Amino acid sequence: MVFYFTGTGNSLYIAKQIEEKPVSIPQIMKGSHLDFTADQIGIVAPVYGHEVPPMVKDFLKKSSFRTGYFYMILTYGNRHGGAAELAQKLCEECGISVSYINVVLMADNWLPSFDMNEQKALDKHVDEQMQVILADLKARKHGISPVTEADRQAHQQFLAGISHMPADAWQHLIQVTDGCIGCGICEKVCPSASIHVINGKAVHTPGNCQTCLACAHACPQKAIGLTVPEKNPQARYRNEHISLQEIINSNHQEEK
1 MVFYFTGTGN SLYIAKQIEE KPVSIPQIMK GSHLDFTADQ IGIVAPVYGH
51 EVPPMVKDFL KKSSFRTGYF YMILTYGNRH GGAAELAQKL CEECGISVSY
101 INVVLMADNW LPSFDMNEQK ALDKHVDEQM QVILADLKAR KHGISPVTEA
151 DRQAHQQFLA GISHMPADAW QHLIQVTDGC IGCGICEKVC PSASIHVING
201 KAVHTPGNCQ TCLACAHACP QKAIGLTVPE KNPQARYRNE HISLQEIINS
251 NHQEEK
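Residue numbers for the sequence shown follow UniProt numbering, so the first one is 1 and each next one is one higher.
None of these hints come from the bench; they were simulated from the model.
Honestly, I wouldn't trust all of these hints.
Derived DSBU-like pairs (lysine-lysine); straight-line CA-CA distance at most 35 Å [as the list claims (entries may be wrong)]:
1) K231 - K57
2) K57 - K222
3) K124 - K231
4) K120 - K141
5) K21 - K62
Ranges between beta-carbon positions, derived for each pair [as the list claims (entries may be wrong)]:
6) A169 - V203: 30 to 40 Å
7) K62 - L134: 46 to 56 Å
8) H33 - E254: 27 to 37 Å
9) K89 - G207: 37 to 47 Å
10) K141 - A121: 27 to 37 Å
11) I198 - A169: 16 to 26 Å
12) G143 - C94: 17 to 27 Å
These figures come from a predicted structure and were not determined experimentally.
Beta carbons are placed, not taken as given, at the ideal position from N, Cα and C, and that holds for glycine.
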């Protein structure tokens with residue numbers, strides 16, 4: 001049993017290598033019964049600011065996992081900042097006994113810092129990393145990915161940087177330009193129902209935004225940007241192995 005959260009397809013690509021039909025966290029969070037039993041249970045998620053997205057944290061806190069082997073695979077694009085150690089601490093806080101945590105270096109989709117054209121051109125040897133992880137999971141290996149003092153310092157520097165920002169700063173990162181044609185793709189790829197087409201134009205509502213940037217990356221008109229400068233406003237990203245429809249299936253929060 002593998003659960004995943006994805007914005008641009010990276011974590012879904014990893015999850016599909018572990019299990020043919022992994023379960024979307026945004027979709028299963030709709031249910032009231034979050035009690036799971038399996039021989040192995042895994043979580044695949046990206047790290048934002050070195051930690052898993054808020055929705056993944058919420059899923060871990062609300063769920064009950066009955067398994068002899070619980071693991072997490074975390075995708076990151078530049079520096080993981082001790083993500084495995086931070087995830088281990090989160091599991092402990094949630095009362096989850098975690099057996100294995102590893103990280104996978106992939107394309108970084110954080111638009112303020114990285115040019116997506118440059119990221120797509122890099123070979124980060126994802127498949128080689130996954131060969132090791134898949135072998136570890138098959139052998140039910142125990143342990144977490146090594147974390148250095150430099151990693152911990154990187155996370156502390158990040159925390160120091162955001163301490164000067166308003167608490168809800170990330171909720172106001174998305175902006176819709178006049179180029180929006182109201183196609184609705186942004187609404188369909190959003191895992192938290194934070195963006196909707198109203199009167200023919202996308203409207204972003206702060207409050208529960210996961211800052212995954214799925215809406216910005218998926219907009220065919222590049223009409224969704226950020227309130228901060230971007231490295232390359234004309235470049236966007238989706239994992240080459242994952243279709244737009246797969247991300248929609250993962251994230252679309254249809255109103256009942």
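Hints versus structure:
| no. | hint | verdict |
| --- | --- | --- |
| 1 | K231 - K57 | holds, 29 Å |
| 2 | K57 - K222 | holds, 30 Å |
| 3 | K124 - K231 | holds, 20 Å |
| 4 | K120 - K141 | holds, 32 Å |
| 5 | K21 - K62 | holds, 22 Å |
| 6 | A169 - V203: 30 to 40 Å | violated, 19 Å |
| 7 | K62 - L134: 46 to 56 Å | violated, 29 Å |
| 8 | H33 - E254: 27 to 37 Å | violated, 19 Å |
| 9 | K89 - G207: 37 to 47 Å | violated, 26 Å |
| 10 | K141 - A121: 27 to 37 Å | holds, 33 Å |
| 11 | I198 - A169: 16 to 26 Å | holds, 24 Å |
| 12 | G143 - C94: 17 to 27 Å | holds, 19 Å |
The structure fails to meet hints 6, 7, 8, 9 from the earlier list, while all remaining hints are met.
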